[in-house]
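Colleague: Just so you know, the sequences run in chain order V and Y.
The first sequence stops at residue 407 when you use our numbering, and every number in between is there.
The second sequence stops at residue 316 when you use our numbering, and every number in between is there.
Fair warning: there could be bad hints in the mix.
Said to hold, decoys possible - Below 35 Å or equal to it, Euclidean Cα-Cα: the simulated DSBU-like pairs (lysine-lysine) are:
hint, chain 1, residue 1, chain 2, residue 2
1, Y, K163, V, K403
2, V, K284, V, K352
3, V, K163, V, K197
4, V, K403, Y, K149
5, V, K163, V, K63
6, Y, K227, Y, K149
These are computed hints drawn from the structure, not numbers from a lab.
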Amino acid sequence: MALSFILPIAFFTIFAVIFGGRHDTTPRITVLIADEDHSHASQQLIRGLAQESLVVKTRPDPKRGVEQPEYTATSAEAAVRAGDAPVALVIPAGFGNNPISFAPGAQRTEITMLKDSSDMVAPQVIAGLLQKVAMTSMPDAMAEQGMKYTELYAGGFTPEQRKRMNNELEQLRREQSRPRSERSGQSSEAGMAIAVKTRDVVGENKNNPMISFYAAAIGVMFLLFTASGAGGSLLDEAESGTLDRVLSSRVTMGTLLAGKLCYCSLLAFSQLILMFVWAWLVFKLDFIPHLGGFAVMGVSTAFAVAAFGMLLASTCRTRAQLGAISTLVILIMSSVGGSMFPRFLMPQAMQKAGLLTINAWAIDGFTKVFWRDEPITHLWQQVLVLVLIGITLFAIARRLARKWEYA
Amino acid sequence: MTAAATTPTPPSLPLRIHDLVKRFGELTAVNGVSLELNPGECLGLLGPNGAGKSTLIRSIVGRVIPDSGTALVFGSPADSNQARMALGWVPQDLALYPRLTCRENLEAFGQYHGLSRTSLNGAITSCLDWAGLADRADHLVSSFSGGMKRRLNMAAGLIHSPKVILMDEPTVGVDPQSRNRIFEMIEKLRTQGISMVYTTHYMEEAERLCDRIAIIDHGRIIAQGTKEDLVTDAFASRSEVFARFGKTDESVSAWVKERGGAFDNGIARFTLERPTEIASLLESAAAARHELVDVSLRKPNLESVFLHLTGRELRD
């Protein structure tokens with residue numbers, strides 16, 4: 001009964017913190033900037049961006065108190081690949097010579113936006129803020145308005161000048177009216193004040209950008225439910241009296257729990273395999289090339305969730321209690337840990353809170369494997385945390401299970 | 001080289017319990033119990049509900065840790081692996097996996113006892129035959145009748161062929177037909193020379209199945225021996241007379257008391273040195289004008305012994 005009140009309040013609080021806790025309108029997105037121009041204009045642009053609701057970094061955080069060199073195009077790209085930030089801007093040399101232009105055919109020096117395509121929000125926000133910072137709006141309207149003011153205060157154009165201006169304006173309008181994908185030039189932002197060329201540096205060759213994320217996110221959430229249900233067999237045995245009978249044989253509580261942990265791990269791993277094979281067959285997930293990473297992450301995730309299931313079961317006294325508590329805990333873990341809503345879109349505090357959950361570490365690991373194509377050795381942090389979580393939870397579960405051991 | 005003179009080691013008893021005590025807070029459930037079970041013997045543990053029978057059994061199988069005392073199975077501590085392999089436990093409450101079949105239940109419990117695949121198959125076949133469940137081997141336990149579940153519950157305790165079996169009220173809640181079937185199963189075990197402790201609060205079961213009986217009340221063994229020993233110790237050669245009166249008033253009560261009897265549930269009970277004394281009892285009742293509706297003379301039984309020793313009915 002208490003859960004009927006606790007669960008909705010808990011969920012409301014979590015989502016209120018995620019979506020309603022911000023005091024400004026723009027999420028504080030981290031953007032890395034590699035300034036290869038070092039001109040007055042590029043510095044102005046960086047200062048302008050820094051005044052927006054962004055975390056602007058021109059160099060990595062100091063390591064052991066040692067200041068790191070500024071980002072270059074290469075190091076910024078590597079940082080985005082590593083997941084340090086969803087977006088990096090590379091301001092090329094020569095940008096300051098012609099920072100703002102309106103016409104698509106104008107001589108332009110494009111800023112390159114390197115982005116992680118799993119984050120669909122951050123690049124859009126950065127692109128918008130860039131233009132805002134440049135204080136520009138629609139180029140054709142500005143040009144036309146400029147002509148009117150010239151005629152009004154400078155006495156008008158000669159017929160030859162008017163003809164050329166109209167031709168240019170018409171060309172600009174035609175260009176603006178065409179679908180964006182058909183416009184001339186490589187830049188998708190050709191009509192903007194600051195020319196920006198975007199490039200996916202993570203997931204550029206992926207068949208379906210968010211499939212791996214959701215396969216992991218949804219998979220882990222249901223793994224937790226599965227493990228909780230499987231761990232509940234301990235409660236069934238306690239309630240039916242079979243646990244007494246089992247423990248009167250050669251089987252000890254430690255052996256029994258270890259056996260159930262193995263079974264739950266195997267079950268959870270099988271469920272993960274099914275989930276990713278389904279994603280591979282139906283949604284063209286690049287499963288086969290990442291088998292090694294999947295196996296490593298799958299086993300460590302399955303172990304951690306199995307231990308979690310053991311802990312839940314040994315905490316509760318009845319199946320009904322387990323059902324209620326596991327629903328509450330798993331849904332909260334899943335919402336905070338990123339199974340329901342990507343963590344990178346959450347406020348910083350929530351992102352940090354997510355690190356207390358199995359979901360976050362598992363999703364991060366699977367993202368490294370399937371999204372960032374990182375080698376297995378780069379998974380050590382996630383694997384280590386998941387294994388430690390598993391060991392700790394199992395040790396606590398073993399301690400709590402003493403209540404069934406003897407009277 | 002000369003052989004050293006050695007004293008032959010006495011063979012270890014199947015079960016030896018010495019001064020076992022178990023307390024649950026203020027309640028002393030088992031209070032200094034000492035018992036011995038001889039090879040091939042069936043020892044009945046007779047007592048009312050709450051007397052401490054199940055706690056004593058659970059202490060032997062390691063499900064309850066005694067506060068003091070020892071329980072040895074063939075000389076090994078009851079919580080040792082040797083003892084666990086030698087002990088078979090049939091708990092009072094059904095302890096089965098309802099969503100598994102009969103065979104799967106036996107397989108599971110056999111594996112918990114570490115039986116190999118080969119010996120497990122043989123054990124399952126023999127347990128199914130013994131319990132009369134061979135034709136239901138692949139049926140789900142949840143579909144079984146109460147009696148069938150009871151039989152499977154017993155078979156599961158015997159899957160590893162134990163040498164000592166502890167049966168904790170195996171006939172609780174079963175119909176008379178199933179109870180007879182269970183008696184036959186137990187008698188079959190007895191012919192195989194298996195040592196057994198059989199707890200019950202049914203006197204008839206103890207009388208029918210057990211070689212010796214220990215009467216337990218409030219956690220203490222208050223008497224033990226064969227049925228004949230117990231009755232003789234309590235009543236010698238005396239007989240009991242039960243009398244029911246047409247009406248029960250103060251004058252009847254006073255008369256019963258005067259004749260050395262006692263009222264119990266509206267029935268007066270007298271103990272006579274010789275059966276022939278019943279004639280004088282009847283004459284006395286007639287002289288006092290007490291109408292007798294029903295009179296019976298019987299030799300004392302375990303129920304009488306329990307009543308004699310505790311002042312309470314066995315089923316109180």
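Colleague: A separate judgement is required for each hint: does it hold in the structure or not?
Modeller: Cross-check of the supplied hints:
Restraint check: the Cα-Cα separation between Y:K163 and V:K403 comes to about 30 Å, which is no more than 35 Å; the hinted pair holds. For the proposed pair V:K284 and V:K352, the alpha carbon gap of about 32 Å is at most 35 Å, so the pair holds. Restraint check for V:K163 and V:K197: the C-alpha separation of about 32 Å stays at or below 35 Å, so the hint holds. Our distance criterion of 35 Å between C-alpha atoms is met by V:K403 and Y:K149, whose separation comes to about 28 Å.
For the given pair, V:K163 sits about 61 Å from V:K63 by alpha-carbon distance, which is inconsistent with the 35 Å threshold. Taken as a hint, the Y:K227 and Y:K149 pair is honoured in the structure, with Cα atoms around 31 Å apart against an allowance of 35 Å.
Hint 5 from the earlier list is the only one contradicted by this structure; the remaining hints agree with it.
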